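Asker: Spelled out, the chains give:
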Amino acid sequence: MYFEFKNVSVHYDKVQALQNVTLNLEQGEIVALIGANGAGKTSTLRAITALAKLSSGEIWFGGKRIDRLEPAAVVALGVSMVPEGRHVYPFMSVKDNLLMGAYLRRDKNDVKRDLDRVFMRFPRVRERLKQQAGSLSGGEQQMVVISRALMAKPKLLLLDEPSLGLAPMVVRDIARAIVEINRDEGISIILVEQNSRMALKISHRGYALETGRIALTGKSTDLLNDDHIRKLYLGA
Amino acid sequence: MLVNGVVLAVNYALIALGITLIFSIMNILNFAHGQMFMIGGFVVYYLYGIFRINYFVSLIAVVIVLGTIGWCFETFFFRRIRKIATREENSMLLAVGTALLLENLALSIFGEKQRGVPPVVTGVFRIGNAYLPAGRLLVMILALALVIGLLLLVQYTKWGRAMRALAQDREVTHLMGVNVDRVAAYGFGLGAALAGLAGGLLVTVFGVNSGVGNVYSIKAFIMIMIGGAGVVPGAILGAIVLGFVEAIGYQLLPGSITYLLIFIALIVFLIFRPQGLLGKPWG
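In the order they appear, the protein sequences are chains A and B. Numbers in our numbering are just positions in the first sequence, counted from 1, shifted up by 1125. Numbers in our numbering are just positions in the second sequence, counted from 1, shifted up by 36.
Worth flagging that the hints you see were computed from the coordinates, not collected in a lab. Source: prediction; values computed, not measured. Hints may be right or wrong, so weigh each one.
What the hints assert, rightly or not - Each pair of labels, with its calculated beta carbon distance range: (1) Asp217(B) / Arg1338(A): 28 to 38 Å; (2) Ala121(B) / Asp1352(A): 45 to 55 Å; (3) Ala121(B) / Gln1141(A): 17 to 27 Å; (4) Pro1248(A) / Val93(B): 48 to 58 Å; (5) Thr122(B) / Arg1231(A): 34 to 44 Å.
All residues carry an ideal CB built from backbone N, CA and C; glycine is no exception.
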C-alpha cells in the first residue's frame, strides 16, 4: 500500500479527535474525506504532516513510517499540505509565496521550470506575481496556496477544504484543477471537503468520518448513491 | 546637530531592526536588547581598546559573541518555554530574566566604570557650517551599510524569506519544510548581533558602561512603539524620529529634560495612536 493510516488516535488535551481511524490510498488515487465539522477530517491531515501528535497508531508512506518524524521531514518525503482557510503569507508577494513552497529544493532551473508549469495551470497567479498575496481575492489565494504546495513537487497532496467560502464558479475551477493535477502530474491526493458532492464527484474513493471514526467507506460513485450518505451529507 | 541626528538615527535603526526581528519572528519582546548592545560595546573595548586588535576584526568578533548569545538564549531557554508554557507572560518573564543575567554578568566581569576607546579614524570634515568628526562619519557609514545589508538579506535571500514566513505564519512555515527551530535560533542570533554591532559602533562615540543596557532597551522599546511593533519600516521610522529628537533636544535643552519630554510626548502619542505610525491596529 502506498499510503496507510493504521488505527490512529489523536487527542487534544483530553478531547479525542480521532479514534482508531484506518484509511489508505493507492498511488495516483484521489481519496475524499467527508464529514461534518469536528468529525476529524482536519485532525487526520494534521496527523499526517506531524502537526498533531498521535496517541496511538502508525502512518506509513512510500514504505517508510512517518508518524515519528518532524513536519519538515515529512514534507521532505514528498507530502504537501494546503491548510484550511488558505493561509497565504499575506505580506509577501505571490512570487515569494511560491518560492517558499520550493524551500527544500536545490535545483534552481528545475524550480523555474515548475514555476512556468504552475503559471500554465493558473494564469491568474502569474498576473498577480508581484502583488502582496493578502490583497488577492479568495479564489486567487486558493490558487496561490495550491501552486505553493505544487512548487514542493509533492507525491502526495493534502487539500483541506479548498472550496471553503468560494463562489460556485470558482469552486468549479478549483475542482477541475484538482482533477488535472492528479491526472497530469500523477500526484496522489487526499481531499478533505464539507462540499461532499464536489468531493465525491472528483475522487476515486471516499471515507465518511463521524465524531472521530470512519463511518463508511467505498468507491465515490457508490457513496454518491448511498442512502445514508445522501441523507446526511448531500442534503437529498 | 542634524549630523548628530543622522549618526544616532542609523545606529538606532540597527537596534530597532534587531528587536523587531526577534519580536516578529518569535513573538518575544527582547528585554535584554540593551544589554546585548552593552556587551557589544565591551567586546570592542577589550579587543580594540585594550588588546589593540583591528577595529573591523573586533566588530566581527562582536557578531560572533552576540550571535552565539542570541542563539543560545533561543535554543536553550526560549524554545523550551515556548513548548511547555501555557501563558505568554512566561516568555516575557524569561526575557526580563535574561536581561538581568547579562547585566549582572557584565557588572561582575567588566566592573562599573565608564570605558572609552581611542578614535578609529581622526580628522574632521566641514559640511556647510557644521563640523563632522571622521569617527562619527565612519560609524554612520558602517551603520547605514549594515541596515541596507540587513534589508537586502531579509528581502532577497532564501533564509530571509524563511524568517519573514515564520513571522507571518508559523504553522504554514512548518508545512513548507522549514526547520522552524533552526531558523528561529539564527534569527535570534542575528537580532542579538545587530544590537551588539550598534554597541560596537557607538562605543567609539559615547563609550560604554555596564549600566547602559536598560537605557538602550528602553530606547528600543520607544522606537518600536513610535513606528509600530513588528513592522520593519516602522522600526526604521521610529529610529529616525528618536535619533533626531534626541540630537536636537540635547542641543537645545538642559540635560535630562529631553527624555522627560520624549516620554510625555510618547504617552500622548500612544493615547491617540496605540499601534504606532505604521503598525496595524491591535485586536
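Asker: Each of the hints needs a verdict: does it hold here or not?
Answerer: Status of each hint after checking the structure:
no., hint, verdict
1, Asp217(B) / Arg1338(A): 28 to 38 Å, "holds, 34 Å"
2, Ala121(B) / Asp1352(A): 45 to 55 Å, "holds, 50 Å"
3, Ala121(B) / Gln1141(A): 17 to 27 Å, "holds, 25 Å"
4, Pro1248(A) / Val93(B): 48 to 58 Å, "holds, 53 Å"
5, Thr122(B) / Arg1231(A): 34 to 44 Å, "holds, 39 Å"
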